[in-house]
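Here are the chains, one letter per residue:
2 protein chains.
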Amino acid sequence: MKIYEMQIAPNPRRVRMFLAEKGITNIEFIQVDLQKGENLTSDFKQKNPFGKVPVLELDDGQCISETIAICRYFEESSSENKLMGESPIEKAHIDMWQRWVEFFFFMPTGMCFQHSSGYFKDRMNPIKEWGEECRTQVEKFMHHMNKHLEDNTYLLGDKFSIADITALCTIDFNRVNQISITQEQPHLKRWYDEVSARPSAKA
Amino acid sequence: MKIYEMQIAPNPRRVRMFLAEKGITNIEFIQVDLQKGENLTSDFKQKNPFGKVPVLELDDGQCISETIAICRYFEESSSENKLMGESPIEKAHIDMWQRWVEFFFFMPTGMCFQHSSGYFKDRMNPIKEWGEECRTQVEKFMHHMNKHLEDNTYLLGDKFSIADITALCTIDFNRVNQISITQEQPHLKRWYDEVSARPSAKA
Chain A
1 MKIYEMQIAP NPRRVRMFLA EKGITNIEFI QVDLQKGENL TSDFKQKNPF GKVPVLELDD
61 GQCISETIAI CRYFEESSSE NKLMGESPIE KAHIDMWQRW VEFFFFMPTG MCFQHSSGYF
121 KDRMNPIKEW GEECRTQVEK FMHHMNKHLE DNTYLLGDKF SIADITALCT IDFNRVNQIS
181 ITQEQPHLKR WYDEVSARPS AKA
Chain B
1 MKIYEMQIAP NPRRVRMFLA EKGITNIEFI QVDLQKGENL TSDFKQKNPF GKVPVLELDD
61 GQCISETIAI CRYFEESSSE NKLMGESPIE KAHIDMWQRW VEFFFFMPTG MCFQHSSGYF
121 KDRMNPIKEW GEECRTQVEK FMHHMNKHLE DNTYLLGDKF SIADITALCT IDFNRVNQIS
181 ITQEQPHLKR WYDEVSARPS AKA
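Protein sequence lines correspond, in order, to chains A and B. Residues 1 to 203 in the numbering used here are what the first sequence lists, from first letter to last. Residues 1 to 203 in the numbering used here are what the second sequence lists, from first letter to last.
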């Protein structure tokens, strides 16, 4: 199996951290330089028509795009160390948090970066005012997480899950937006230090 | 079980259509008027801190927000009529398409509406230029779907799935943006007519 990725991008890191938590190591990683547009070639678009990384390529040539779809493949392929839940209600609760983190934190983080920095201005239309609006959403969500983590070890109470992985990768990626945990967010900081200390965070 | 929703909103319709496909009927639907802000009361925010519909409330009082998380709960609670896949690879492929439809079609549709119309301007900051950018993304995705559906009965080949439900609800909701299937999109039209004719589409 191969994964096409760009090491420093946040979505590939989510997948690597997920795989590391599961102890899956038999994968070849192939670097794709997004800034050079290596993801926009017709060869790469045969793997993912939307030209995004990461993409998982199975040994039979089938390709799976989208971070959560790739994680789902590995989650469903083994019954060990479930990071997306066991019972229907646990799966639903993890999906809920995972989506909250994606929609209200991860996605505005990415859009804040793209619309404020102009990093991809050769292939998109950056709108500064939208970038600033996204910044506000990011800061709001960190405030919400801080409150929630006062009474919860992880986002899902005692259960470490894929939602924590997404949230950690989002906080670290926010360096590009110059947004970091503030002194008024001690619970978020406690959680951040704990999750960052997991060996998988270095994957 | 209860579902808090607003009948005309697109996310609640996705859940109703999903439940209708599964033949699940033992649910009480409670209307929440978003325009009046009934979703922003502190009572409602105890069910969903982000004040969004739909919310599923189980008989023991536990609440699940987020359309896909609610669908996941029902999908995992029974082994019949799977709309999110059976094998690991099928689940991953459905997740992938489901997310493509959400990120590149459903979400820009919602943002085009909110940022162009000012419908929620009492509680958000509409940015017209971003609304227009989202309109372009919506039109692009419909073009992509049309090409894909030339060789595929449904988004996932022969398999009707939750991704088709999301796509149908998105196309119908685009009435608010005055975007509809064009004469140059016959394959999308063929798929649309077929999926619209399912009894669940009236749920």
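Derived from the structure by calculation, the hints contain no laboratory data. Some hints could be false.
Which copy is meant is left open, so a pair is good if it fits within one copy or across any two.
Straight-line Cα separation of at most 25 angstroms, SDA-like style, residue types lysine to any residue; simulated pairs [said to hold, decoys possible]: (1) LYS140 x ASP122; (2) LYS121 x GLN178; (3) LYS159 x SER77; (4) LYS52 x GLU90; (5) LYS128 x GLU139; (6) LYS189 x MET6; (7) LYS82 x ALA69.
Evaluation of the provided hints:
1. Taking the closest pair of Cα atoms, LYS140 and ASP122 come within 25 angstroms of each other only across two copies (18 angstroms); inside a single copy the shortest separation is 30 angstroms, beyond that limit.
2. Taking CA atoms no more than 25 angstroms apart as the test, LYS121 paired with GLN178 passes inside one copy only; the shortest distance there is 20 angstroms, against 28 angstroms between copies.
3. Taking the shortest alpha-carbon separations for LYS159 and SER77, both the intra-copy value of 21 angstroms and the inter-copy value of 21 angstroms come in at or below 25 angstroms.
4. For the homomeric pair LYS52 and GLU90, the shortest alpha-carbon distance between copies (20 angstroms) is at most 25 angstroms, but the shortest distance inside one copy (30 angstroms) is not.
5. In this assembly of identical chains, the alpha carbons of LYS128 and GLU139 lie at most 25 angstroms apart whether taken from the same copy (17 angstroms) or from different copies (23 angstroms).
6. Taking the shortest alpha-carbon separations for LYS189 and MET6, neither the intra-copy value of 27 angstroms nor the inter-copy value of 37 angstroms comes in at or below 25 angstroms.
7. In this assembly of identical chains, the alpha carbons of LYS82 and ALA69 lie at most 25 angstroms apart whether taken from the same copy (15 angstroms) or from different copies (17 angstroms).
When the structure is compared with the earlier hints, a violation turns up for hint 6 alone.
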